[in-house]
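*Asks:* Top to bottom, those sequences are chains A and B. Mapping to the numbering used here: the first sequence position 69 is 73, numbers consecutive. Mapping to the numbering used here: the second sequence position 179 is 1147, numbers consecutive.
In case anyone wonders, no lab produced these hints; they're calculated from the structure. In this text, a Cβ means the ideal position worked out from N, Cα and C, and glycines have one as well. Hints should not be assumed to be uniformly reliable.
Pairs of lysine to any residue residues, derived as SDA-like cross-links and limited to a Cα-Cα distance of at most 25 angstroms, are as follows [unchecked claim]:
1. Lys20/A x Met1275/B
2. Lys975/B x Asp11/A
3. Lys115/A x Gln1057/B
4. Lys1018/B x Leu130/A
5. Lys1206/B x Leu130/A
6. Lys22/A x Lys1165/B
7. Lys13/A x Val1159/B
8. Lys25/A x Tyr1118/B
9. Lys87/A x Leu1013/B
10. Lys1265/B x Lys1018/B
11. Lys20/A x Arg1218/B
12. Lys16/A x Glu1214/B
13. Lys87/A x Glu1297/B
The following residues of chain B were derived to be distant from chain A, with all beta-carbon distances above 10 angstroms [to be verified]:
14. Lys973
15. Pro1001
16. Asp1007
17. Phe1048
18. Phe1063
19. Leu1126
20. Leu1162
21. Pro1167
22. Ser1280
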Amino acid sequence: MKDVLKDPKAYKELVKDKNPKPKLAKNLIMAFVVGGGICTLGQLIQNIYIKYFHFPPDRAGDPTTATVIFISGLLTALGVYDKIARHGGAGTAVPVTGFANSVVSAALEFKREGFVLGVGSKMFILAGSVIVFGVVTAFVVGLISALF
Amino acid sequence: MTVRKGKQTIVYTTKPVILGYGTVGGPKEGQGPVGPYLDKVYPDLAMGEKSFELAERQMMVSAIEIALEKASLSRSNVDFFIAGDLLNQIISSGFSALNLGAPFLGIYGACSSFAQGMLLAGILVDSGAAEVVISATSSHNNTAERQYRYPTEYGAQLPPWSQHTVTGAAATAVAVRGEGPRVELATVGRVMDLGMKDPLNMGVAMAPAAADTIFTHMEDTGRKPDDYDLIVTGDLGKVGREVVMELAQRQGYDLSRNYRDCGELVYGMGQIENAGGSGCACSAIVTLGMLFNQNYKRLLVVATGAMHSTTSCQQGENIPAIAHAVSIEF
């Protein structure tokens, strides 16, 4: 018999079905419920801005986003957001709340290194690539729409 | 005198004594099965310090003090201090050495540092170069998370094969004479790479190193797994342990009766949702705390470590791993 410890291919074969399967159905349902819940909350806040603060519907999105980001930042600082995310998965990562969480958690983590080298430069350690590629994509799409 | 047997095994002819040992843990560890055996349990992760790095250092210093106290030794009795941890430039060890004031040898074996430190302490004592050597290691969940993975409060869903870094520290006082468990044999491991790349799946990456060290130890010494009351690996977790069992079976060794993994023993049911504990403190607090108090006659500790860094992983390299074995007689 071939020695598995000298053969990466045979080893890969051996461990292939050793990993427990992620609970796909449960994760999908939880992502749908939690993600949907966050969006429903956002809609509720938007409706409040339209109804009670007399925002025009097409402009009520801005204060809504700001409010949801604030809530996410607060929950991150209180140590709650990561616990929701453990079950929510993509449901908490995809909405703007996930983005806020990545920025606030990094800012909290690196506060000990000071405001300049810590908070200031490490804040976008996770969110940085989203911003970079978001801007690049927006530029390319904008260019295409301006040309055609 | 220290001599070599076979390819990789060290025989301590004087069998140095583990005169005292100290184990400390964080809140989660305190609530787990290992909790009742720990000398000191911190109620929160910050431990009254300004940063988690300082908290980790406090744990290591505390473990050293407890080990010295149990061994009825003072700081001036320590001939050499050996320590290793997971943080960049092993700062927990270096700063603890500053606190202790003893001549210091810093080591890095990732999570295998516990066995590596004891192995080297044994050599210093057995060779006659030292009367008392302190060997220590530590890990902290939050310092490891920020260095290897994400900020503490970042919401990430972890796969079921991931592991939870143990918060804790342990120190052993290895001495030339006295009463206590004895360091009898040690097998120095080789770095193994079988093409694993997932830094969240450490058990599978480290299992070959553990298996290789166990097999080599048996070949070098002519022993069988049954010659030990227990063979315990450091932090392979549930998945890695199953892989070692299968590798052993294929090699003709039966590990089904007396093989456990510290990563599986450290936390209880419902404490964590993934494959178990990991980190330098995992093998250290489980072995010294729990397993040293089980009336075993002979114990083989195989501490496992992954020799990657975030840089090597991000640059697409495989995760190499190592395992060192130390046989302890009671």
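*Asks:* Hint by hint, which ones does this structure get wrong, listed from lowest number up?
*Replies:* Numbers 5, 10, 13, 19, 20, in rising order.
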